[in-house]
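*Asks:* Residues per chain, in single letters:
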Amino acid sequence: MLADVGHYTLIAAAILAFYSMCACILGARMRRADIVESGERAVVGLIFLVVLASGILLHALITNNFQFEYVSHYTSTTLPLPYRAAAFWGGQAGSMLFWLLVLSIYTAFAVVQNQARHRKLMPYVTASLAGTCLFFLIMLIFAADPFKKIFPVPVEGQSLNPLLQNYWMVSHPPSLYLGYVGMSVPFAFAMAALITGKLDSDWIKAIRKWTLFAWLFLTVGILQGSYWAYIELGWGGYWAWDPVENASLMPWLASTAFLHSVMIQEKKGMLKVWNMVLVIVAFSLSIFGTFLTRSGVVSSVHSFAQSPIGNYFLVFMGIQVALSVFFLLKRKKELAPEARLESFVSRESSFLFNNVFFLVICIAVLCGTTFPILSEAVTGSKVTVSAPFFNKVVAPFAIGLVLLTGICPLIAWRKASLINLQKNFLVPGIIGLTGVGILLAMGVYHWLTLIFFFSGVFVLVTVYNEYSKGTKARMAMVHENAPEALYHLVQRNRRRYGGYIIHAGIAILFIGIATSSFYRLEKDVTVPLNGTFAIGSYTLKYKDMQFFQDPHKEVWRATLDIFKGENHVGTLTPERHIYKNSEQPTTEVALRPFWNEDLYLILIGPDESGAGTFKVYVNPFIGLIWRGGIIMALGGLIVLFPDLKTKFAVSTASDRSAEEFAR
Amino acid sequence: MVLFCCFALAGGKPRMEDVAGRLSCFCGGCPHLVVTECGCSVADKIKADVAKRLAAGETEDQIIQSYVAQYGQTVLAAPPKSGFNLTAWLIPFLAFGIGGTVLVSYLIKQRKLPEISAEGPEPSKGDEKDAHYRKLLEKELQQRR
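These protein sequences, in sequence, are chains A and B.
All letters in the first sequence, in the order written, are residues 159 to 821 by our numbering.
All letters in the second sequence, in the order written, are residues 689 to 833 by our numbering.
Calculated directly from the structure, the hints in this document are not laboratory data.
Glycine included, each C-beta is placed from N, C-alpha and C at the ideal position.
Treat the hints with care, since some could be wrong.
Unchecked claim - Only part of the chain B face toward chain A is listed, based on derived beta-carbon distances under 7 Å: (1) Ala736; (2) Pro767; (3) Leu774; (4) Ile779; (5) Pro780.
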């Protein structure tokens with residue numbers, strides 16, 4: 159019964175989405191505000207119905223209503239409550255409904271937020287978003303129905319994949335989806351601007367925060383995913399260049415490129431076509447990413463043919479790209495630049511180089527991810543494209559990008575002079591090289607580590623310089639004390655100084671990647687009870703092995719003491735779980751982070767004699783990756799934070815000259 | 689010095705890690721991890737086998753080829769740089785070449801263009817205070833160049 163209600167709710171939502179799309183377009187064409195308004199109101203009905211459908215599925219998941227095929231596939235009576243709820247996005251149909259839920263909430267927000275402001279754009283913005291909702295609804299109704307019933311009703315469900323039963327898996331997919339789906343709003347505004355010919359900076363202003371919001375969630379989602387891989391998959395790493403990971407990285411790269419190049423459009427009225435292209439690419443890549451991960455196309459071309467949703471995606475992507483290209487070509491002349499670039503060496507051109515690097519990395523990732531499909535289709539034989547390919551192909555461009563992260567903010571807008579460059583580059587360069595010298599003295603010789611370390615330090619020093627220059631200028635000119643000056647500096651130009659924080663985060667993240675990738679220690683050991691083994695500067699003593707079970711799983715838990723020299727510095731309890739529904743064993747990694755490295759221990763298994771087999775890693779500076787990520791997110795929040803005072807604040811002359819001086 | 693270190697590291701006999709690092713694990717439980725990264729029993733067996741063969745005097749290529757013969761091309765962690773597979777390796781660098789060329793030619797073209805109010809929109813009238821600071825800024829920018 160409930161399943162039927164859910165199914166018909168989706169059908170009603172599809173009718174509303176279709177109505178909303180048509181009413182908005184026709185209303186705008188006929189210049190009938192009342193019709194447009196009714197189209198926009200339909201969106202409110204749409205979100206209500208989608209929330210209702212999602213509520214029904216969630217209720218069924220939580221109450222183990224196995225009448226729903228989806229529920230019986232992804233939950234079981236013994237599955238803990240948070241994971242039963244997380245099963246919402248654990249399978250194909252549920253995750254599609256979740257996409258739609260987020261999209262419809264965004265649509266409602268975008269419509270309400272901009273209803274009064276961008277009257278000419280809004281009908282097409284609404285139509286574009288309703289059109290995307292319609293696509294997902296059609297797919298849910300015809301190809302991936304989460305409300306499909308199963309008969310006979312099973313007594314027990316198949317439960318959620320054990321690997322997904324981790325708290326990071328509860329929060330990681332929603333963050334990622336908030337990011338993915340967030341790209342729909344900038345895309346809708348870009349399309350509206352193209353269709354209406356209102357190509358001034360209005361649409362750019364309307365989407366700046368949306369893009370940043372989506373970018374922030376993508377960043378947080380990607381980092382959460384990598385942390386999940388680190389603590390759950392038990393191979394000591396965090397990024398395997400898996401298609402699912404790549405699918406999230408590609409829109410991130412495109413949107414980051416956009417967030418940079420849009421500044422040139424705002425400041426100089428240039429790159430209008432390019433920015434449109436980037437917004438379209440970012441959205442297309444989020445749809446493509448969903449297609450890639452959900453259609454089964456990656457595992458094999460043949461499984462794609464069996465998966466019903468693949469063709470729906472192909473049709474939608476075809477329509478979306480064709481419409482985008484058509485309108486882009488139609489408005490090409492109107493997108494002419496309002497200014498010209500003056501110099502090769504200027505902030506503007508350095509942003510363009512950064513765009514080239516972002517997009518080339520994006521193309522490399524896209525190429526590697528889709529190549530197995532291409533190869534199978536062309537030559538008939540499958541190939542594996544995994545980490546060694548991506549590491550080799552992406553590394554040179556990643557180096558370039560990190561270097562540009564340091565260099566870009568040092569180059570003046572319009573035209574930089576030699577003196578300007580010398581003055582800005584000297585100190586960060588010297589400190590960076592000193593850092594490299596110290597590493598060499600410590601015996602770190604890997605060239606990638608050295609280059610990334612140099613670039614990272616360079617970026618950090620430039621960020622520090624920018625902050626200190628700005629703060630000092632305010633202290634001198636507005637007569638504030640240091641914390642006040644720093645606060646006002648950031649508050650008055652959050653985008654710029656928040657951006658620097660993001661750069662600092664990226665630098666720290668790359669230092670973490672470079673050091674942990676090449677200087678990892680690894681050991682496989684089998685030790686008897688009370689036996690010891692050593693790795694790096696640590697000695698581990700195997701003290702105990704316990705076995706217990708709950709209704710859901712069997713657990714082996716080992717206890718080991720960690721010693722550094724004579725000192726006891728902690729205890730590790732790695733576990734091995736065997737889930738009753740799947741019989742699939744999973745590892746629960748035991749982790750002891752120190753300031754400079756992580757001690758990472760996996761229990762492979764106990765043997766009959768009571769001896770334990772372990773795999774142990776020492777990952778130097780790997781924690782910097784997520785610390786850098788947290789700093790990036792903080793920077794993003796600084797930029798996103800709403801203007802509380804600036805609307806009312808009257809900037810004083812001294813305020814302004816302090817800012818000018820700081821530049 | 690950096691280059692010297694690279695060469696120093698690159699020389700010598702192939703290690704088990706170098707050979708196993710080119711093979712992809714096929715245990716089915718991992719996302720195509722490189723054998724040296726995967727902690728499963730399949731990977732452990734491959735590593736032991738590679739180490740044994742290296743000790744017996746087989747070369748890196750011989751070992752890799754025998755794995756390809758036994759398990760097919762998918763056992764390679766990255767596609768070989770030959771035939772159709774070469775396109776995968778070339779596309780990113782081609783993209784960089786094309787992107788770079790387009791950008792540089794765009795910049796050259798831009799420099800030749802006559803100036804179209806590079807200062808951006810003129811300051812609105814009645815904004816004299818701004819005009820004063822604009823002048824000040826121009827002057828300072830000149831000094832800083």
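*Asks:* Now look at each hint and say whether the structure bears it out.
*Replies:* Against the structure, the hints come out as follows:
no.: 1; hint: Ala736; in the structure: violated, 10 Å
no.: 2; hint: Pro767; in the structure: holds, 4 Å
no.: 3; hint: Leu774; in the structure: violated, 11 Å
no.: 4; hint: Ile779; in the structure: holds, 5 Å
no.: 5; hint: Pro780; in the structure: holds, 4 Å
Hint compliance for this structure: hints 1 and 3 are broken, all remaining hints hold.
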